[in-house]
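Listed in order, the protein sequences are those of chains A and B.
Note that my numbering has the first sequence beginning at 1, numbered continuously upward.
Note that my numbering has the second sequence beginning at 1, numbered continuously upward.
These are computed hints drawn from the structure, not numbers from a lab.
Do not take every clue at face value.
[Said to hold, decoys possible] No farther apart than 25 Å at their CA atoms in a straight line, the calculated lysine to any residue pairs in the SDA-like style are these:
no., chain 1, residue 1, chain 2, residue 2
1, A, K251, A, D47
2, A, K133, B, N212
3, A, K133, B, Q213
4, A, K133, B, A229
5, A, K133, B, Y191
6, A, K133, A, D143
7, B, K291, B, I46
8, A, K133, B, I111
9, A, K133, B, G68
10, A, K133, B, Y196
11, A, K133, B, A200
12, A, K133, B, T118
13, A, K133, B, L236
14, A, K133, B, S198
15, A, K133, B, L195
16, A, K133, B, V193
17, A, K248, A, T49
18, A, K251, A, P52
19, A, K133, B, V228
[Stated by the list, open to error] Computed, partial: chain A to chain B, Cβ under 8 Å:
no., residue
20, D76
21, V130
22, R134
23, S136
24, F137
Think of the CB as a built atom: it goes at the ideal place given N, C-alpha and C, for glycine as much as any other residue.
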Amino acid sequence: MNAPMNAPTGLAVGISERLSATGTANALELRRVSKLFGALAAIEEVDITVRPGERRAVLGSNGAGKTTLFNCITGDYPATAGTIRFFGEDITAFPPHERIRRGLRRTYQISLLFTGLSVIDNIYLACVGVSRKRFSFLRPRRDDALVASAESLVNVVHLDEARDTLVANLSYGQQRQLEIAMALAGAPRFILFDEPAAGLSPTERRDLVEILMGLPSHMGFIVIEHDMDVALRVAESVTMMHDGRIFKEGKPAEIENDPEVQALYLGGGDG
Amino acid sequence: MALVEQRVEPSERPTWFERIPASWWIVGVILLIMPTFASDFVLFQIFGWTFILGIIALSLMLLAGYGGMVSLVQMTVAGCAGYMVAIFGVSAITGISQGWPWYVSIPLALIIAVLFGTISGWLAVRTEGIYTIMITLAIASAFFYFTRQNYVIFNGFSGFNGVLPPRLFGVDWRGPIAFYYLTLFWAVVCYLVVLYLSRAPFGLALQGVRDNQRRMAALGFNVTAHRVAAYAFAALLAGMGGILLTWQSAQISPGTAGIGPAIDILVVAVIGGLRRPIGPFIGAFIYVLLKTFAIDVLVALGLGGERFQLLIGLGFLVIVLWSPDGILGLWDRWRESRGRDPLLDPRGGPMDDRTGDRRGDRRVDSR
Numbered sequence: 001m002n003a004p005m006n007a008p009t010g011l012a013v014g015i016s017e018r019l020s021a022t023g024t025a026n027a028l029e030l031r032r033v034s035k036l037f038g039a040l041a042a043i044e045e046v047d048i049t050v051r052p053g054e055r056r057a058v059l060g061s062n063g064a065g066k067t068t069l070f071n072c073i074t075g076d077y078p079a080t081a082g083t084i085r086f087f088g089e090d091i092t093a094f095p096p097h098e099r100i101r102r103g104l105r106r107t108y109q110i111s112l113l114f115t116g117l118s119v120i121d122n123i124y125l126a127c128v129g130v131s132r133k134r135f136s137f138l139r140p141r142r143d144d145a146l147v148a149s150a151e152s153l154v155n156v157v158h159l160d161e162a163r164d165t166l167v168a169n170l171s172y173g174q175q176r177q178l179e180i181a182m183a184l185a186g187a188p189r190f191i192l193f194d195e196p197a198a199g200l201s202p203t204e205r206r207d208l209v210e211i212l213m214g215l216p217s218h219m220g221f222i223v224i225e226h227d228m229d230v231a232l233r234v235a236e237s238v239t240m241m242h243d244g245r246i247f248k249e250g251k252p253a254e255i256e257n258d259p260e261v262q263a264l265y266l267g268g269g270d271g
Numbered sequence: 001m002a003l004v005e006q007r008v009e010p011s012e013r014p015t016w017f018e019r020i021p022a023s024w025w026i027v028g029v030i031l032l033i034m035p036t037f038a039s040d041f042v043l044f045q046i047f048g049w050t051f052i053l054g055i056i057a058l059s060l061m062l063l064a065g066y067g068g069m070v071s072l073v074q075m076t077v078a079g080c081a082g083y084m085v086a087i088f089g090v091s092a093i094t095g096i097s098q099g100w101p102w103y104v105s106i107p108l109a110l111i112i113a114v115l116f117g118t119i120s121g122w123l124a125v126r127t128e129g130i131y132t133i134m135i136t137l138a139i140a141s142a143f144f145y146f147t148r149q150n151y152v153i154f155n156g157f158s159g160f161n162g163v164l165p166p167r168l169f170g171v172d173w174r175g176p177i178a179f180y181y182l183t184l185f186w187a188v189v190c191y192l193v194v195l196y197l198s199r200a201p202f203g204l205a206l207q208g209v210r211d212n213q214r215r216m217a218a219l220g221f222n223v224t225a226h227r228v229a230a231y232a233f234a235a236l237l238a239g240m241g242g243i244l245l246t247w248q249s250a251q252i253s254p255g256t257a258g259i260g261p262a263i264d265i266l267v268v269a270v271i272g273g274l275r276r277p278i279g280p281f282i283g284a285f286i287y288v289l290l291k292t293f294a295i296d297v298l299v300a301l302g303l304g305g306e307r308f309q310l311l312i313g314l315g316f317l318v319i320v321l322w323s324p325d326g327i328l329g330l331w332d333r334w335r336e337s338r339g340r341d342p343l344l345d346p347r348g349g350p351m352d353d354r355t356g357d358r359r360g361d362r363r364v365d366s367r
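Bound-form chain A, shown alone:
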């Protein structure tokens, strides 16, 4: 896993077409997005713009609204106010599956996998979800294109040896890798990684960084991560959140050296 990986079969299919179709539109554009739970504002008037292919880290203390932000983007929680555009298209009112079919993907803070199925079956299911075979009554043949795509994703996340292992029997680190493989299924244009390094050992974190940095360059992502080493290494830009609002944006070095950020988040403040 030293060499940067190639885009798995089917991963890059349609990407260039879609990019040219959407012209110079931003990958993700949030304008004054808020999410209220009763009187509590989990996120408030959030503005974020991410360019195609850009890799962004979203940092902030617990309760800052990072995961709620992801849930609003993917449609798990409908935004209370504001607009969300994905490659120029207003997806604010779209249900989650429609957003996924447009190339948006996510991983979860706590792995949501099908533990009774094998690794390859989980990835195959993810490939089927963004294909036209969702309602197929026919079992896949050995030469099925989606099976081939799933096989290549097994390789991308270095789970070859665990291909036929039941997910329930995987280590925690392998389950996190599987989450990433499922997010890469189909033709993702943009991925939201929610604390992918949480609970991983130092070796597994190194593997994770390699996987993230080895993703095709056209594939942008936002990563929520508490491990600053991981976050600042894989990201080109950083957004700091605090109390549901955007607190600071900039390059990793700028954020790292910002006294306010240091006071609030990097150990200098009360956290």
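Model the placement of chain B on the given structure of chain A, informed by the hints.
Then chain B, alone, in the frame of chain A:
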């Protein structure tokens, strides 16, 4: 069994013939030669009815076992198909029945049953658990009362009699042997289709929806559409069962699809087990045996024969209390315990002197 085949050398891969266990071959042969030694009553009343109830309960197993949706509308869908065959086909109620040929009336009946099941599903899938049960029960009740009160289309309380299967290839398909093979054939077809479907993308996604709807939506699946599609397919199965049921009794009336029969289908599926497609057929066999012979047993014991429902209820209670997975669950546990090595398996191991637990049986509290 995996959806995507495991990496196995082609020479090591067993053929489909080798994959079928010996016990299945034995059961298959016995079922095929049954008419050579079983009476007409056993063929027509016991096995014919078992296969029909099994098909209808299989439609519930598909929804509840694979989709996590307990529907009480399956018997109603079956009744709807039965009514449609009577209305569009031939019956003794010539004033209402259209008398259309079987190749028109049967497909039309199935299409209407599927539409009815789909609409019921569309109403029910937005709810979970007890609310799904209540909505489907409400639809079943509405259908029962509507058919009982409507004389123009459904002939009210009397319903239709003289609804017979078509005479194809010169065979009287309501004759005990012919009807036995007819129901056996469709039971096997429905069973194999559901078994196959369970590992096809649609079936696997349905199980994914049952386990985690949010995750499935995040993989691009339209959860609502998938669940409605499951209702539609289940309605096709129930509709087939309903037509066979109507042919068996040669009549259809509101009572066929009443509240009692709707709940009976749930009892059948739960007794057999909702985890695998064979469960409903096992449950149906037990239900039919109880319903047919419980009266004789009760009378022999000097009790009122009308109390046979009590025996069915007690049997249901015992199974639910002892094995929530039905007879299949008991069978699985028995096989598991038979194959367990007491020296290696802690559950069969010696007792711990200090705690009284079996060694190795202590769970780690992850809290």
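These are the hints, each one checked on the structure:
For the hint linking A:K251 to A:D47, the alpha-carbon distance of about 17 Å falls within 25 Å, and the restraint holds. For the suggested pair A:K133 and B:N212, the alpha carbons sit about 20 Å apart, so the restraint of at most 25 Å is met. Distance restraint check for A:K133 and B:Q213: the Cα-Cα separation of roughly 18 Å lies within the 25 Å cut-off, and the hinted pair is therefore satisfied. The straight-line distance between the Cα atoms of A:K133 and B:A229 is roughly 14 Å, inside the 25 Å bound, and the hint therefore holds.
Taking the CA atoms of A:K133 and B:Y191, the gap is near 23 Å; set against the 25 Å cutoff, the hint holds. Under the criterion of a C-alpha separation no larger than 25 Å, the hint pairing A:K133 with A:D143 is consistent with the structure, at around 15 Å. Between the alpha carbons of B:K291 and B:I46 the distance comes to roughly 10 Å, so the proposed pair stays at or under 25 Å and holds. Restraint check: the Cα-Cα separation between A:K133 and B:I111 comes to about 24 Å, which is no more than 25 Å; the hinted pair holds.
Between A:K133 and B:G68 the alpha-carbon distance is near 22 Å, which keeps this suggested pair within the 25 Å criterion. About 16 Å separates the Cα atoms of A:K133 and B:Y196, which keeps this hinted pair within 25 Å; it holds. Restraint check for A:K133 and B:A200: the C-alpha separation of about 10 Å stays at or below 25 Å, so the hint holds. Restraint check: the Cα-Cα separation between A:K133 and B:T118 comes to about 21 Å, which is no more than 25 Å; the hinted pair holds.
About 21 Å separates the Cα atoms of A:K133 and B:L236, which keeps this hinted pair within 25 Å; it holds. Of the pairs offered as hints, the one joining A:K133 and B:S198 holds, with about 15 Å between alpha carbons and a cut-off of 25 Å not exceeded. Restraint check for A:K133 and B:L195: satisfied, since their Cα atoms lie roughly 19 Å apart, inside the 25 Å limit. Note on A:K133 and B:V193: the hinted pairing holds, with a Cα-Cα distance of about 18 Å set against a maximum of 25 Å.
About 13 Å separates the Cα atoms of A:K248 and A:T49, which keeps this hinted pair within 25 Å; it holds. For the given pair, A:K251 sits about 17 Å from A:P52 by alpha-carbon distance, which is consistent with the 25 Å threshold. For the given pair, A:K133 sits about 17 Å from B:V228 by alpha-carbon distance, which is consistent with the 25 Å threshold. Here the hint on A:D76 is kept, as its CB sits about 7 Å from the closest CB of chain B, short of 8 Å.
A least Cβ separation of about 4 Å between A:V130 and chain B falls short of the 8 Å threshold, and the interface hint therefore holds. About 6 Å separates the beta-carbon of A:R134 from the nearest beta-carbon of chain B, less than 8 Å, and the hint is met. For the restraint placing A:S136 at the interface with chain B, the shortest Cβ-Cβ distance is roughly 4 Å, inside the 8 Å limit, so the hint holds. Taking 8 Å as the C-beta contact cut-off toward chain B, the hint placing A:F137 at the interface holds, the least distance being around 5 Å.
Hint compliance for this structure: every hint is met.
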